[in-house]
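Model the full structure from these sequences, guided by the hints.
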Amino acid sequence: MELPIYLDNNATTPLDPRVLEAMLPYFTSKFGNAASRNHAFGWVAEEGVDYAREQAAKLIGCTEKEIIFTSGATEADNLGIKGVFEMYSDKGNHIITATTEHKAVLDTCKHLEKLGAKVTYLKVKEDGLIDLQELEAAMTEQTILVTIMYGNNEIGVVQPVKEISAIAHKFGALFMTDATQAVGKIPVDVNADGIDLMAFSAHKMYGPKGVGVLYVRRKNPRVKVTAQIDGGGHERGMRSGTLNVPGIVGLGKACELCRLEMDEEAKRLSKLRDKLEASLSQMEESYVNGNVEHRLPHVANISFKYVEGEGLMMAMKDLAVSSGSACTSASLEPSYVLKSLGLSDDLAHSSIRFGLGRFTTEEEIDYAIENTKKAVNHLRDLSPLWEMFKEGIDLSKIEWAEH
Amino acid sequence: MAYSEKVMEHYTNPRNVGTLNKDSKSVGTGLVGAPECGDVMRLQIEVDENNVITDAKFKTFGCGSAIASSSLATEWLKGKTVDEALTIDNMDIVEELALPPVKIHCSVLAEDAIKSAINDYRVKNGMEPIAMPKSHH
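Which chain is which? The protein sequence lines are A and B, in order.
Residues in the first sequence are numbered consecutively from 1, following the numbering used here.
Residues in the second sequence are numbered consecutively from 1, following the numbering used here.
In case anyone wonders, no lab produced these hints; they're calculated from the structure.
Among these hints, one or two may not hold up.
[Said to hold, decoys possible] The calculated DSBU-like cross-link candidates involving lysine-lysine, where the alpha carbons are at most 35 Å apart (straight line), are:
1) 124(B) <-> 390(A)
2) 91(A) <-> 114(A)
3) 58(A) <-> 110(A)
4) 317(A) <-> 125(A)
5) 22(B) <-> 374(A)
6) 124(B) <-> 339(A)
Below you can see the structure in the form of structure tokens.
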């Protein structure tokens with residue numbers, strides 16, 4: 001077992017060696033521009049792109065023509081939301097999203113508010129799921145788009161996408177989802193789920209960074225988005241720019257592997273995750289964040305009360321994890337996602353996200369459990385709050401000098 | 001973020017972790033910060049009849065730099081007179097631990113903790129509290 005152990009697979013995943021192998025020729029001998037229609041170099045590159053498009057389509061249950069390649073999920077989110085807002089401005093200007101969305105969605109919506117959009121940010125329940133009745137109540141005749149993420153990047157909860165899309169459609173709005181954390185990890189089917197637009201990215205599923213997809217539905221209804229990048233009219237006019245052929249080939253291979261191996265991988269990872277979570281949540285004053293039934297198989301988010309996340313990560317120096325503590329950020333604000341669940345700031349500061357992945361082994365998880373326990377106990381020995389808690393002092397009754 | 005060697009050293013081997021009897025007249029206790037902000041420091045000093053700090057202990061809830069700052073502070077306090085202790089400036093801590101700008105608040109908190117412990121001691125012994133520095137946050 002090599003140290004440190006990578007348990008931050010929600011941030012990014014390592015490239016699968018099989019993906020790398022598929023990509024390599026497209027850097028060298030197959031370097032052509034996929035848009036060069038008049039010679040073999042172009043054809044070879046185009047073939048690679050076509051195969052990748054087919055694999056991406058198969059993974060999410062759509063047709064090849066509905067796949068728009070982008071530079072990643074952030075661009076896909078931007079293109080989907082801004083593109084719909086611009087294209088459907090005659091119909092309305094209201095967008096509904098949720099407070100726990102990724103910044104790529106939230107900040108895009110904020111941007112559109114400056115351009116005249118009305119945006120509703122739905123709160124989530126304590127378990128991280130949105131309230132469907134609240135969604136329905138927020139729908140108006142002006143609503144053109146509901147955009148709610150599939151699986152959350154911090155806590156892994158999976159939203160009731162089918163029910164959400166049904167509500168959106170009932171009111172004549174489109175449904176978009178940022179499925180960056182879900183595609184390749186759990187079955188996502190755009191038809192079964194009623195998805196009209198969907199963003200995802202290769203580097204969260206063992207593909208390369210810098211390439212992603214916006215799925216845009218072509219039938220029932222035919223969805224259109226206004227291009228946000230103008231130029232040579234690539235990707236059916238929706239996203240100009242010479243195609244990133246090696247990246248796209250890598251994305252395609254990653255999709256293919258996920259489609260073939262997802263079921264088994266999800267079973268294996270959820271077992272390991274449950275083992276990790278069961279051991280760590282046995283510790284005194286530790287809490288699992290988010291709904292534990294409806295969630296991705298590979299994420300655990302746990303708060304260890306009375307220790308601070310960044311300090312804790314320092315003690316877990318052989319583990320690469322992340323924390324909701326924002327001690328490093330200038331704002332000193334802890335995770336907005338955890339706060340949206342109604343978690344108090346101190347619990348948000350105390351949270352650690354474990355993101356398992358394809359290459360995580362049971363040996364690594366056993367090591368992670370021991371290492372984390374040791375670190376938590378070490379820091380609690382240093383923590384005045386832990387000592388006060390142990391003495392039975394009610395910390396909420398103390399007047400803290402907030403700084 | 002990468003930590004300096006000195007932060008890592010104090011973090012890994014923190015000095016003077018522990019608790020003094022807060023009810024003792026010769027002990028001053030400072031508890032600063034707030035759990036919501038992700039930092040709480042408790043710093044205690046024990047002062048002898050010559051006004052010399054004979055012992056110092058800390059416990060800190062916070063990031064590595066906060067733990068290192070308070071560990072360093074206790075190290076510096078021991079053997080100093082109370083008046084000397086009042087001259088410890090947060091920038092001395094920043095310099096010693098090579099804290100980056102985003103971690104300066106940890107040193108400020110440590111300075112606040114020292115002054116707050118000294119004030120607790122002063123008040124217990126019938127002296128006027130000294131003015132607390134304005135919090136830099």
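Right, here's what the structure says about each hint:
1. For the hint pairing residue 124(B) with residue 390(A), the CA-to-CA distance comes to about 26 Å; that is within 35 Å, so the pair holds.
2. The hinted pair formed by residue 91(A) and residue 114(A) meets the criterion: a straight-line CA distance of about 18 Å does not exceed 35 Å.
3. For the suggested pair residue 58(A) and residue 110(A), the alpha carbons sit about 33 Å apart, so the restraint of at most 35 Å is met.
4. Annotation: proposed proximity of residue 317(A) to residue 125(A) holds, straight-line Cα distance about 34 Å (limit 35 Å).
5. With a C-alpha separation of about 29 Å, the suggested pairing of residue 22(B) with residue 374(A) holds against the 35 Å cut-off.
6. Between residue 124(B) and residue 339(A) the CA atoms are separated by roughly 40 Å; this puts the pair beyond 35 Å, and the hint is violated.
In summary, the one numbered hint that this structure violates is 6.
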